[in-house]
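Protein sequence lines correspond, in order, to chains A and B.
So for the first sequence, my numbering puts the first residue at 313; every next one is plus one.
So for the second sequence, my numbering puts the first residue at 313; every next one is plus one.
Worth flagging that the hints you see were computed from the coordinates, not collected in a lab.
Check each hint, because a few of them may be wrong.
Because identical chains share one entry, a pair is satisfied inside a single copy or across any pair of copies.
Said to hold, decoys possible - In the DSSO-like style, the derived pairs of lysine-lysine whose C-alpha atoms are separated by at most 27 Å in a straight line are:
| no. | residue 1 | residue 2 |
| --- | --- | --- |
| 1 | 377 | 358 |
| 2 | 334 | 397 |
| 3 | 377 | 529 |
| 4 | 358 | 626 |
| 5 | 626 | 397 |
| 6 | 330 | 358 |
There are 2 protein chains.
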Amino acid sequence: MGVAVKDAAQEQVKPGAKHLGKQTLVFTTRPGVAATGAIAGPMEGKGPLGSLYDEVTADTILGQKTWEQAEVKMLEKAVSLAVQKAGFQPGEIDFVVCGDLLNQLGASSFAARTLDRPHLGIYGACSCWTEAMIVGSVMVDGGYATRVAIGASSHHDTAERQFRYPTEFGGQRPPTATWTTTGAGGACIVDQSDPGIAGYPRITHGTVGRVVDIGVKDPYDMGSAMAPAAADTIVTHLRDTGRLPTDYDLIITGDLGRVGKALTMDLAAESGFNLEPVLDDCGLHIYYDHQDVHCGASGCASSALVYSSNLHRKLISGEIRRLLLVATGALFSPTSYQQGESIPGIAYAVAIERAEQPQKGASANA
Amino acid sequence: MGVAVKDAAQEQVKPGAKHLGKQTLVFTTRPGVAATGAIAGPMEGKGPLGSLYDEVTADTILGQKTWEQAEVKMLEKAVSLAVQKAGFQPGEIDFVVCGDLLNQLGASSFAARTLDRPHLGIYGACSCWTEAMIVGSVMVDGGYATRVAIGASSHHDTAERQFRYPTEFGGQRPPTATWTTTGAGGACIVDQSDPGIAGYPRITHGTVGRVVDIGVKDPYDMGSAMAPAAADTIVTHLRDTGRLPTDYDLIITGDLGRVGKALTMDLAAESGFNLEPVLDDCGLHIYYDHQDVHCGASGCASSALVYSSNLHRKLISGEIRRLLLVATGALFSPTSYQQGESIPGIAYAVAIERAEQPQKGASANA
Numbered sequence: 313m314g315v316a317v318k319d320a321a322q323e324q325v326k327p328g329a330k331h332l333g334k335q336t337l338v339f340t341t342r343p344g345v346a347a348t349g350a351i352a353g354p355m356e357g358k359g360p361l362g363s364l365y366d367e368v369t370a371d372t373i374l375g376q377k378t379w380e381q382a383e384v385k386m387l388e389k390a391v392s393l394a395v396q397k398a399g400f401q402p403g404e405i406d407f408v409v410c411g412d413l414l415n416q417l418g419a420s421s422f423a424a425r426t427l428d429r430p431h432l433g434i435y436g437a438c439s440c441w442t443e444a445m446i447v448g449s450v451m452v453d454g455g456y457a458t459r460v461a462i463g464a465s466s467h468h469d470t471a472e473r474q475f476r477y478p479t480e481f482g483g484q485r486p487p488t489a490t491w492t493t494t495g496a497g498g499a500c501i502v503d504q505s506d507p508g509i510a511g512y513p514r515i516t517h518g519t520v521g522r523v524v525d526i527g528v529k530d531p532y533d534m535g536s537a538m539a540p541a542a543a544d545t546i547v548t549h550l551r552d553t554g555r556l557p558t559d560y561d562l563i564i565t566g567d568l569g570r571v572g573k574a575l576t577m578d579l580a581a582e583s584g585f586n587l588e589p590v591l592d593d594c595g596l597h598i599y600y601d602h603q604d605v606h607c608g609a610s611g612c613a614s615s616a617l618v619y620s621s622n623l624h625r626k627l628i629s630g631e632i633r634r635l636l637l638v639a640t641g642a643l644f645s646p647t648s649y650q651q652g653e654s655i656p657g658i659a660y661a662v663a664i665e666r667a668e669q670p671q672k673g674a675s676a677n678a
Numbered sequence: 313m314g315v316a317v318k319d320a321a322q323e324q325v326k327p328g329a330k331h332l333g334k335q336t337l338v339f340t341t342r343p344g345v346a347a348t349g350a351i352a353g354p355m356e357g358k359g360p361l362g363s364l365y366d367e368v369t370a371d372t373i374l375g376q377k378t379w380e381q382a383e384v385k386m387l388e389k390a391v392s393l394a395v396q397k398a399g400f401q402p403g404e405i406d407f408v409v410c411g412d413l414l415n416q417l418g419a420s421s422f423a424a425r426t427l428d429r430p431h432l433g434i435y436g437a438c439s440c441w442t443e444a445m446i447v448g449s450v451m452v453d454g455g456y457a458t459r460v461a462i463g464a465s466s467h468h469d470t471a472e473r474q475f476r477y478p479t480e481f482g483g484q485r486p487p488t489a490t491w492t493t494t495g496a497g498g499a500c501i502v503d504q505s506d507p508g509i510a511g512y513p514r515i516t517h518g519t520v521g522r523v524v525d526i527g528v529k530d531p532y533d534m535g536s537a538m539a540p541a542a543a544d545t546i547v548t549h550l551r552d553t554g555r556l557p558t559d560y561d562l563i564i565t566g567d568l569g570r571v572g573k574a575l576t577m578d579l580a581a582e583s584g585f586n587l588e589p590v591l592d593d594c595g596l597h598i599y600y601d602h603q604d605v606h607c608g609a610s611g612c613a614s615s616a617l618v619y620s621s622n623l624h625r626k627l628i629s630g631e632i633r634r635l636l637l638v639a640t641g642a643l644f645s646p647t648s649y650q651q652g653e654s655i656p657g658i659a660y661a662v663a664i665e666r667a668e669q670p671q672k673g674a675s676a677n678a
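Just chain A, with the same shape it has in the complex (with noise of 0.2 Å):
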């Protein structure tokens, strides 16, 4: 078990390094967020967050023709607004790293052909959004590129189809089945000549996920099928880091529901760390109760939606002062599992610490 430091990235390593233990990166440089943009459905408005999304949709097609090219244009506002509230014209973001769901990532390609400017696109499932944040905060924090915008985006209806059935079908749903998030996030990278950088939560460190496979091939489990790999790189991220769980003030999942939750912390358990004082999972907190979507939120929307809308602000207000974010993904396709294959997990983890407090007088890692 790791010994608990008070900050790795500054303490722990030697100028220079920036690959700690086995699969850490370390951002010497503390790339800034400088604003994010959280476009959500009418669904998801009605969810505890919906007064904090920058803007709730009417419906699920925005005056579309299809719901694929409706998810398209809430990639769009999302990556958009981030830069808008950052404070930049689109022409000053050197690149765009998006990711989403679609068969040949279309919600990303589409949305990338109007925000126009050069774009590298990831794909790891529903682990988008912390994948995009890493290979974002990569590029600014190594000196490529001064500003990246990233995105993520989900779509009940287009994911529904496209992995399951017919959304005319309206198959029964067992009880450890998720749904899918409606919605996109976008969030602006910044490096440290921004004049706002001071304010910004920054990023410190991007844990890159294995791919971890226990065998789960029922594709209405899909918290169980990522829990193994959700733990796996959350405790390598902390043995990496040597650092506690209780380093942390929340350490939160992308989608893995109920189910996946509670599996993830029996896993990390065996591995010697305790990480039920500070887990929880972003699909917890897109739905309600009653809103019946059994097991919780999925969907890269879902991390996407909870970081651009609640986490940040937390991190800007102090409120949280150190986050571990750790999105999920469950690399299956529809053909991959009508060959009878089993459904493989990816977590990316990504450590953002809170906003300096320059009215106190206080240091940004205290």
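Put chain B on the given structure of chain A with help from the hints.
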């Protein structure tokens, strides 16, 4: 039009400047490509590069139950072989970066499960090979990794039934159609500390593409759909670096085919760059004319195989001194096509220089 500069990576860039012009990354430490792996299908094995592949498979199924699983095996083999030929154990690789065409990145995700290293999934359609090279080079040049393995794959039979018609249908193919390459390429990218670095081709620049769309809607004419993106990335690269086309011995696109290559040349000429003396396309090197593939080869494996088998060894021998490899992707899905969307393209360019030739006492940048 740009001014010719002998070596922009070393002469034109201020120390620490890693972003040049609009879209180009400068890898000042010049990561080395330590080794490649090239696994080709039987039809590709009968093509002009047949004797240069590391392995030509006896059939397209490789003892698996499905073509998709066969593609996974090909990708695993190509990446593993690159790592092995570079003299490393799998556990010595810091990160794997892979992409492919299957829904939900099916080949990469399942190959990464076997490779069991931290994985960054990327997607740029058939441009995955150079997108992975750029992300891998950023990780190494930025100091986040010592060794990164990259890979990209495609498979005629998995692509045909996913993107066009059931393979049993045997639909007639128009003359603008290309043939999806069956195969996979892998490469091992290493940093300065590698003992063999002097003998390896060196990656000096990466130009990240924009999504470009001129409204082509015919999935049997992807060369025309991707050509504007190819021309855009090549012209931007030349302007960003201040280089002329003839500063490269070869500028080679990924899978434009005959029609797309001609269009790229025309579009670059409109921007003042004459590519005629140096432009070629990997898609024209996979099959002989008598193999009846119409416009040439396509798929992620087109650029991956041509680089891994032939271009890499020419960069080592010095037959090519400076290469611009520009893999090209058509960012459509069957869903977007059926919904009436046009087919946008993207292209990622990587500049690679020959290995040093110490026996001649000459500089690598002569």
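Hint-by-hint comparison with the structure:
Taking the shortest alpha-carbon separations for residue 377 and residue 358, only the intra-copy value of 24 Å comes in at or below 27 Å, while the best inter-copy value is 46 Å. In this homomeric assembly, residue 334 and residue 397 come within 27 Å of each other (Cα to Cα) only across copies, at 23 Å, whereas the closest approach inside a single copy is 36 Å. Taking CA atoms no more than 27 Å apart as the test, residue 377 paired with residue 529 passes between copies only; the shortest distance there is 17 Å, against 34 Å inside one copy. In this assembly of identical chains, the alpha carbons of residue 358 and residue 626 lie at most 27 Å apart only when taken from the same copy (21 Å versus 61 Å across copies).
In the homo-oligomer, the alpha carbons of residue 626 and residue 397 lie at most 27 Å apart inside one protomer (17 Å), although the nearest pairing across protomers, at 49 Å, exceeds that limit. Taking the closest pair of Cα atoms, residue 330 and residue 358 never come within 27 Å of each other, the shortest separation being 42 Å inside a single copy and 45 Å across copies.
Checked against the numbered hints above, the structure violates only hint 6.
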